[in-house]
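K.L.:
Please construct the entire structure, taking both the sequences and the accompanying hints into account.
First to last, the sequence lines map onto chains F and Z.
According to my numbering, numbering within the first sequence proceeds without interruption in unit steps and concludes at 315.
According to my numbering, numbering within the second sequence proceeds without interruption in unit steps and concludes at 1333.
Any given hint could turn out to be false.
Unchecked claim - Below are the SDA-like pairs computed for lysine to any residue, each with C-alpha atoms no more than 25 angstroms apart in a straight line: (1) F:202 x Z:1274; (2) Z:1132 x F:21; (3) F:202 x Z:1329; (4) Z:1132 x F:304; (5) Z:1303 x F:147; (6) Z:1132 x F:119; (7) Z:1132 x F:121; (8) F:202 x Z:1325; (9) F:202 x Z:1332; (10) Z:1101 x Z:1253; (11) Z:1132 x F:261; (12) Z:1132 x F:311; (13) F:202 x Z:1331; (14) Z:1132 x F:297; (15) Z:1303 x F:143; (16) F:202 x Z:1323; (17) Z:1132 x F:308; (18) Z:1132 x F:300; (19) Z:1303 x F:89; (20) F:202 x F:188; (21) F:202 x Z:1211; (22) Z:1303 x F:86; (23) F:202 x Z:1320.
If you're looking for bench data, these hints aren't it; they were derived computationally from the structure.
Values in this document were obtained by computation on a predicted structure and should not be read as measured data.
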Amino acid sequence: MMATATMATMRRASVTGVTYLIPAMILVFGWLSPRFLSAGNISNIALQSSVLLVIALPMTLVIMCEGIDLSQGPMIGLCGVITAMIISAGGSPSIGILAAIGLGLAVGLFNGALVALLRLPPFVVTLGAYGMAWGLALAITDGETIVGLGSSLTVFDTGRAIGVPVAVWIAATAYALCHLLLYHTKFGTYVFAIGGSHDALKLAGRSANAYHIAVYAFGGAMVGVASVLLTARMNSGHPTAAIGLEFDAIAAVIVGGTSFEKGNGWLFGTLLGVIAIGLLRNGLNLIAVPSALQVVCVGLLVIISLIVERLRSAP
Amino acid sequence: MSDTNDGARIRTASPFAAFDLGPQLSSVAVRLTVVLLLCAMLTMVSSSFLTTPNLLNVLRQASLIFLVAAGLTLVILTGGIDLSVGSTLSLAACLTAGVMKATGSPALGICTGLVVGIGVGLANGAMVAILKVPPFIATYGMLWVAQGLAYAYMQGDILHGFPPEFRFLGGGFFLGIPVPVYMMAVVLAAGAVFASRTNWGKDFYLIGANRTAAFLSGTPVRNRLLLVYALSGLTAGLAGVIYVARVNSAEAAIGEPLLLPVLAAVLIGGTSLFGGSGGLLGTAIGALILTLIINGMNLLQVKATWHPFVTGAILVIAVLIDQIMRERARRRA
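P.N.:
Here it is in structure tokens:
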């Protein structure tokens, strides 16, 4: 099995990259800021990273299918605004949450259908969805923050079970679910095949369209989940709160060693990538680097990862 | 795949291929009809549409969109994409303004803007052409890097109040017509001749139609890609300069909302995202169509918060139409 062999090399290759990066950052930031390794800050990093993990996991699947989902950030904004509007209008929180997940799922289906059935380039389809979600969130709120949620969602922010924040539990469940889907179901096999051996699928007479659409739909539903976590943390709905979060998700996936070609994906790498981005953002915050330069740092990290990967895979 | 192969062969084999404007002219005619229909509709629904100030305003707005879209069109012709044009514009605009404030020299400011644009474009080109990073991810990374640099440089400030001779470039009139419109005309004429009549320009089409064939036939693919991304950075930088001159102020977010309308203008103009077909004339008309739609929404007093939704929808519809046309052409072949 050539493909398996390539995948194994890929995994080893990416282990070295991220696994050096994380301890290096812990050392550097721990040295620069004494607060970095305090219990409070570590729990803070875990909370921040859980939202990112929830969207970086499906982003891994999308990228493995040689796609991308640029709409995640503004979609989180739109879903969050809808949840907040429902709850502040007196609706039950569970209906608000279901609406967010349902809306995410619907837009995911739309993106997936355009990509899989009509063969449109994923970046332009999801960029269109980006514009529509951003515009809709702005238009229905007039750019204002939706407040008045009371304590309906606080369980997702401050709640704990067995001493671990609820948000972290949700992220862990999402990870377990994705692992199961990717490595132990037919769906996962198809995900590897769509990116890696599209022609082989065609020659075998198998249509992967339904699975391809499902990848985007799953991503949309997870965006809904992430929006609930974020809305709970802010205890309000803000239309542009999450713009740019999709970039952190893409960065985590790339830093984690998943590549845009040949269906090479590594879920555990994405977890490491999310931790790396979480440490980087938090550490830069503690040493008072302005958020604009943090974005530049994440961007440079992505570009360096791409270059390292390219040099490594070059014959 | 066979259709693109044939396309490339015809284009390289026939010396007259570059002069065969048949299909291109008809698609231009279709788009001009759309422009006229839009104008007719807007005249009917709003009495302030068919007034000289409003029409000049539409032209000026379209010319600014076109300037950013011109380089992007060439990149898309090669089968690539440049998602960083909006933030390149921001960075160039902010540095132009900053240098002009520091030195008082518009010439130095303009040079800075153009050099910044070319620099960002070359960095994109290096990632795409030399390191073979997929264009959408390379330029998407650059989008955030350039935007972050612009924000970090400005630190939330707004620079405003520039010398009148500089502001003339964006806000001035010459013979009653806004100055940016002349720039659009110059870039359009030079770019269209460059793309369709010179060997370098024809290489862009060839690379987009069939990169392997281009490489095998001895086209210096790497250098052409570097050039095309640098050109995209250059037009974004130029547009940044004109933007500052137009609004007489610069802030880090200046180019952020531009990516969607600019990409939509290119696609409405008929340049295919799959590379190898389209051109600058189409993009010019695309920019006009998009500007008319936005102008129409303004005249009908649709809130500006709806603009991103509408441009996003137009983007998806334009790429859908592009794909349907390709399917039809494939079936006919």
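K.L.:
Sort out whether residue 1331 of chain Z lies within 25 angstroms of residue 202 of chain F, counting only the CA atoms.
P.N.:
Satisfied, since the Cα-Cα distance of roughly 20 angstroms is no more than 25 angstroms.
K.L.:
Run the distance test for residue 202 of chain F versus residue 1211 of chain Z: straight-line Cα separation, threshold 25 angstroms.
P.N.:
holds (23 angstroms)
K.L.:
Taken at face value, is the distance from the CA of residue 1329 of chain Z to the CA of residue 202 of chain F at most 25 angstroms?
P.N.:
Holds - the C-alpha atoms of residue 1329 of chain Z and residue 202 of chain F are around 22 angstroms apart, at most 25 angstroms.
K.L.:
Is the hinted pair residue 1132 of chain Z and residue 297 of chain F satisfied, with a Cα-Cα distance of at most 25 angstroms?
P.N.:
holds (22 angstroms)
K.L.:
Would the hint linking residue 1303 of chain Z and residue 143 of chain F be met if the CA-CA limit is 25 angstroms?
P.N.:
holds (11 angstroms)
K.L.:
Taken at face value, is the distance from the CA of residue 308 of chain F to the CA of residue 1132 of chain Z at most 25 angstroms?
P.N.:
holds (12 angstroms)
K.L.:
Are residue 202 of chain F and residue 1332 of chain Z close enough, with their CA atoms no more than 25 angstroms apart?
P.N.:
holds (23 angstroms)
K.L.:
Keeping to a limit of 25 angstroms between CA atoms, is the pair of residue 1132 of chain Z and residue 300 of chain F held or broken?
P.N.:
Holds, at about 17 angstroms.
K.L.:
For the pair supplied as a hint, residue 202 of chain F and residue 1320 of chain Z, is the alpha-carbon distance within the 25 angstroms limit?
P.N.:
holds (23 angstroms)
K.L.:
Against the 25 angstroms threshold, does the CA-CA distance of residue 1303 of chain Z and residue 147 of chain F hold or violate the hint?
P.N.:
holds (23 angstroms)
K.L.:
Sort out whether residue 188 of chain F lies within 25 angstroms of residue 202 of chain F, counting only the CA atoms.
P.N.:
holds (17 angstroms)
K.L.:
Given the hint that residue 1132 of chain Z pairs with residue 311 of chain F, does the C-alpha gap stay at or below 25 angstroms?
P.N.:
Status holds; Cα separation ~10 angstroms.
Violated hints for the displayed structure: none, as all numbered hints are satisfied.
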